[in-house]
Structure formats: structure tokens, C-alpha cells
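**Q** For the record, the sequence lines run as chains A and B.
Just so you know, the first sequence maps onto residues 1 to 110 in my numbering.
Just so you know, the second sequence maps onto residues 1001 to 1113 in my numbering.
Hints are computed from structural coordinates only; laboratory data are not their basis.
Positions of the beta carbon are idealized from the N, C-alpha and C atoms, including for glycine.
Among the hints, a few may not be true.
Residues from chain A that face chain B, not an exhaustive set, calculated with beta carbons under 8 Å [stated by the list, open to error]:
id, residue
1, F33
2, Y48
3, A84
4, L87
5, L98
Here is what each chain is made of, one letter per residue.
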Amino acid sequence: GQNIDQPTEMTATEGAIVQINCTYQTSGFNGLFWYQQHAGEAPTFLSYNVLDGLEEKGRFSSFLSRSKGYSYLLLKELQMKDSASYLCAVRNQAGTALIFGKGTTLSVSS
Amino acid sequence: EAQVTQNPRYLITVTGKKLTVTCSQNMNHEYMSWYRQDPGLGLRQIYYSMNVEVTDKGDVPEGYKVSRKEKRNFPLILESPSPNQTSLYFCASSLVGGRETQYFGPGTRLLVL
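Please construct the entire structure, taking both the sequences and the accompanying hints into account.
**A** Okay, here's the thing in C-alpha cells:
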């Protein structure tokens, strides 16, 4: 079966660092994506990992361990505008689908 | 501007009245997909298309149809909508393979009474 797990909710304060974890069990793997989604809006792309290791992109970094079926998204220097839902998605082996986790709602307070 | 557009953005309809949600992309992407998003369930794929005239079912295809007659358009058809199809629908497109991410349309919020 296919299963992607993320925490449902997280809270943090402005300026802090937060790590959102994602574990996956899928029948195939062809890359892992992180998306940000503000309420009522479309998901927007944050990061992509296909090999083990860390990918850094400004305030956002994403890590992947394929042997452990594990990824995390690291957000630094949190801002109020980072309050959103963060979606972990695994692309299937054939490249025909993204399988999404249920998302982690992050609330950033001042 | 590179984008995926969907119409309508909001729709209230009644059970059994056929409707079509249009999706169009201007990025010459081969791949297009439809998702529905429901509270507590996340995004689930309805149908996808790898290219013109090539479509296939996703995880939740029941009650939906699609067509891909042109590369840029991928309409979602609900022949006889039911209340359990009340949802937020997203169309997405991408190039195929590699680091290519999917670009999402703005969403269509559908209420079936």
C-alpha cells in the first residue's frame, strides 16, 4: 500500500526554526516533493529530493533518506507569512502520480 | 505569464445536473492531472493524462470523466454530480520526469446540493 505520514499541526514563533517530518511507505519511489499551501489557495512548489541528502534553498531546506523512507522540511527564520499547510508528496515509479500526505498546518505566532 | 487556469472558480449545483470544469495550461506541458482535496483526506488524484489522447485513472475516478483532445486543455466532467463530490478541485500540469514539479491551477470549489 501507499502511506505518507506527517504531523497534523505544529506551532512556532517568529524567528524560530521548525522541522516538519514526513515518513513514507510506497510501492515505488521517483522523487519527493514539498509544497506550501495557504488556506483556500493552490499548492506551490518548495523543494525536490530524489537522492539522499540535504537540498538548501534560502530559508527552506529539505532532507531525504531513502533507506529510512524519511524526509524533513526545515524552515529557518520563521515569518508570519509562513503560516500555511505543508504537503509532502512522493512521485510514483512510473512518474504518473504524486501521492500526497494529509499535510501539516503550521501556525507562526509573534 | 506561465499558468494553469481553471473555470469556474466557484460552482453551486444540484444533484444530477451535468457539469464541466475546464483546465488550461500555457506551458506546453505533456502531463496534466486532476485532484480533489477534502478536509482530513488531503489531495487525491482523480485522473491524469501523459499526453494528447492518453488518459488514465487515478485513485478516486468514480463519477468523473476526462478528455485530452488538445495538449493545453484537460476538462473534468461530472456526468451526474452527487453531494459526495462536493470538494475543492485542482488541476495540475508538468513536464515529464526529473526535477519537474507540478504547477497547480487556482482551484474550483464545488458544492453539490
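**Q** Any hints from earlier that this structure breaks? Give me their numbers in increasing order, please.
**A** 3
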